[in-house]
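Protein chains: 2
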Amino acid sequence: MDYRFASRIAEVKSSAVRDILKLTQGKDMISFAGGLPAEELFPVQAVREAAERVFDAGKGALQYGLTEGYLPLREQLCVRMAQKGMNVDPDEIILTTGSQQAISLLVQVLTEPGDVILVEKPTYLACLQVFELYGLRVIAAESDEHGIIPEDAERLIREHKPKMLYAVPTFGNPTGNVWSLERRQQLLDLCVRNGIPILEDDPYGEIKFDETADYPTLFSLDQQQQGGAVIYTSTFSKTVAPALRTGWAIGNAKVIRMMAKAKQAADIHSSTMDQQILSQLLAHFPLDDHIQTIRRSYRDRMVEMQSLLLEQKIEGFSWIEPKGGMFIWTQLPEGLDAEVLLKAAVLKGVAFVPGSSFYAYDPQRNTARLNFTHNTGQKTVQGVERLADAIREFTARS
Amino acid sequence: MDYRFASRIAEVKSSAVRDILKLTQGKDMISFAGGLPAEELFPVQAVREAAERVFDAGKGALQYGLTEGYLPLREQLCVRMAQKGMNVDPDEIILTTGSQQAISLLVQVLTEPGDVILVEKPTYLACLQVFELYGLRVIAAESDEHGIIPEDAERLIREHKPKMLYAVPTFGNPTGNVWSLERRQQLLDLCVRNGIPILEDDPYGEIKFDETADYPTLFSLDQQQQGGAVIYTSTFSKTVAPALRTGWAIGNAKVIRMMAKAKQAADIHSSTMDQQILSQLLAHFPLDDHIQTIRRSYRDRMVEMQSLLLEQKIEGFSWIEPKGGMFIWTQLPEGLDAEVLLKAAVLKGVAFVPGSSFYAYDPQRNTARLNFTHNTGQKTVQGVERLADAIREFTARS
Chain E
1 MDYRFASRIA EVKSSAVRDI LKLTQGKDMI SFAGGLPAEE LFPVQAVREA
51 AERVFDAGKG ALQYGLTEGY LPLREQLCVR MAQKGMNVDP DEIILTTGSQ
101 QAISLLVQVL TEPGDVILVE KPTYLACLQV FELYGLRVIA AESDEHGIIP
151 EDAERLIREH KPKMLYAVPT FGNPTGNVWS LERRQQLLDL CVRNGIPILE
201 DDPYGEIKFD ETADYPTLFS LDQQQQGGAV IYTSTFSKTV APALRTGWAI
251 GNAKVIRMMA KAKQAADIHS STMDQQILSQ LLAHFPLDDH IQTIRRSYRD
301 RMVEMQSLLL EQKIEGFSWI EPKGGMFIWT QLPEGLDAEV LLKAAVLKGV
351 AFVPGSSFYA YDPQRNTARL NFTHNTGQKT VQGVERLADA IREFTARS
Chain W
1 MDYRFASRIA EVKSSAVRDI LKLTQGKDMI SFAGGLPAEE LFPVQAVREA
51 AERVFDAGKG ALQYGLTEGY LPLREQLCVR MAQKGMNVDP DEIILTTGSQ
101 QAISLLVQVL TEPGDVILVE KPTYLACLQV FELYGLRVIA AESDEHGIIP
151 EDAERLIREH KPKMLYAVPT FGNPTGNVWS LERRQQLLDL CVRNGIPILE
201 DDPYGEIKFD ETADYPTLFS LDQQQQGGAV IYTSTFSKTV APALRTGWAI
251 GNAKVIRMMA KAKQAADIHS STMDQQILSQ LLAHFPLDDH IQTIRRSYRD
301 RMVEMQSLLL EQKIEGFSWI EPKGGMFIWT QLPEGLDAEV LLKAAVLKGV
351 AFVPGSSFYA YDPQRNTARL NFTHNTGQKT VQGVERLADA IREFTARS
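Taken in order, these protein sequences are the chains called E and W. Reading the first sequence from the start, the letters are residues 1 to 398 in full-length UniProt numbering. Reading the second sequence from the start, the letters are residues 1 to 398 in full-length UniProt numbering.
No lab work stands behind these hints: they were computed from the structure. Note that the coordinates shown come from a computational prediction; the quantities given were computed from them, not determined experimentally. Some hints could be false.
Said to hold, decoys possible - Cross-link-like lysine-lysine pairs, in silico, DSSO-like; alpha carbons within 30 Å at most: (1) K59(E) to K59(W); (2) K59(W) to K323(E); (3) K59(W) to K379(E); (4) K254(W) to K84(W); (5) K161(E) to K254(E).
With these hints in hand, go ahead and build the complete structure from the sequences.
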């Protein structure tokens, strides 16, 4: 049969980068590309014990569940969210298959094909795919290390009347930027004034290197005022483990109900096995201590990679030290296209994600995202050397 | 903030039936409504041991996985599918969050809003929701106990040029009908001739009461010819347990690749914890013996419910004995609207799904779907008595 595919899917670009990264599966390849957490830190024993408690609870644990997700876990999340100044009831929360699904459901619920969505420039790669699939027109506001530049956002809002703002205010992906409190308040006010809901994506918020730092979420700031403009999403993928594939969204109960309606069609519900394991884990495992371990270990890895990069003394190769998250966002020497560099780097046995992947349009081509959480020791040393060799090949030539 | 919702979701009808069924959570309520498998048959010990093997395998088990799903499980499924005459490679299979997600992904990949989809009359409730969400126009072909009536399907194809046929040829939901071999071949030929892909949904195929019976899938028949017209989907929800939320789709590699593209935006991947548990379970647990246990137990439950219904001797209340699956599809006395009956039944402490829910339009209102797998013994006895009492209230009046 000759299949004709829907334009929504046929038009989603097959990523050249993904094709290159497929070549990185080899044994000797060192990858700074993926956003993979450190496996050696996964709390396997705690997850195992949590699973045993689920099985002990009896056969009912294996039955169908609610579309909104396992109620005890939603209740536990309400307590955790409240500790961060986000006060919600269980009917204002929905559990999802990772926070990716929360993004996808909210887009289905709040936008029509042809609508405009406002993002930061650059922004998270996989959200761009969702926007493309649902036929949205993406406009990107300039940002600096303190977050989106309000004046640019305001101009774009005036010109394009976006339906929604998508933002990662704390440890942005790819930049690692943290929005300043002032910018948070400015952007929130701007959106509230213009009736634009905000999707606040916060996968990395817990991974902060300065443990005393306080980065209030847009959701919590919004709630201190009249509230209701922010839908917030996060995930256990970075704090517990990705295989349990559990994220959540909190927000206005009516929005959550609509997301549940969309989720019913999408998959009825996510794995209740995973949700019950996480619920038992939260009840019996000191997750916050574990998160502290992750923070310290990731900070060490970041510092290590940074000093290795510095040692290479490559002119025009720079970055801002990230305050958290999993990535260093680098500026390559002027004129060096990271997609071209990637091909050379892969031949040398190292991979990364070219920055262009994070732009909806007008990419800054001499940028690259390096993950520092997945490799350690000699691998990081070697990876950085290979990367520096590849860069030098180009800079020496020019 | 005043949220304006997308028309796609605002238009999905809030189901009156679901609202009524929410009242069925009470302790004394006996529900024949849901499609819940029998909890007491869940192989908890085997799932527990499978989970232990996953944890023994090390920390890598908790890492991110492939969008297409855990490769060893896809390979095992290839072997199982081959035993049913369906020969596919791992790149012709994608693992999903239940077969519901397979339906949703295929619709995204093959249809545009406004397209027509052909279904059986009546058909599976939750697929109608997907079609509505993606803006499809549903046309329903008449069916009898041997399946869709080819002449009616042909007429509708001529008139409406559907993009796709959705069908549950073995133990249809709600009817329990099994398409005859002749009808299968006729419908397959009809679709191939007209270039219409078929989504064959087979959640209940394994739950057959005559163990010697052979109901070849449309996929296998199609493959015996030139092939490629059928995308087949099934699930572990009925044979292992719903909480593991794992289904799969097989078909043309290009279609599967497109579904993976849509899935990447939807949730990146499903729970690899669950996929690994199922893989270990298939490797170490005699699943086919377990399926035999389920078949026999469900057949006993069906026979029991049927004889209880017969004992009630209600005139005009009839059904065709199902050959498998989880439901008895009943015809109520002429003129009795099952939605009205449901309200009275719930007051008496018994619930079911009114048949109207399974029709995209022109519902046959005096029909009801009764689940026979979830209750046993006194509960079934009492539930049938309550239902009969409710029916009699109406028939006595008229």
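How the hints compare with the structure:
Distance hint between K59(E) and K59(W) is fulfilled; the C-alpha atoms sit about 27 Å from each other, no more than 30 Å. The straight-line distance between the Cα atoms of K59(W) and K323(E) is roughly 27 Å, inside the 30 Å bound, and the hint therefore holds. Note on K59(W) and K379(E): the hinted pairing holds, with a Cα-Cα distance of about 19 Å set against a maximum of 30 Å. Taking the CA atoms of K254(W) and K84(W), the gap is about 22 Å. The hint holds against a cut of 30 Å.
Of the pairs offered as hints, the one joining K161(E) and K254(E) holds, with about 23 Å between alpha carbons and a cut-off of 30 Å not exceeded.
Violated hints for the displayed structure: none, as all numbered hints are satisfied.
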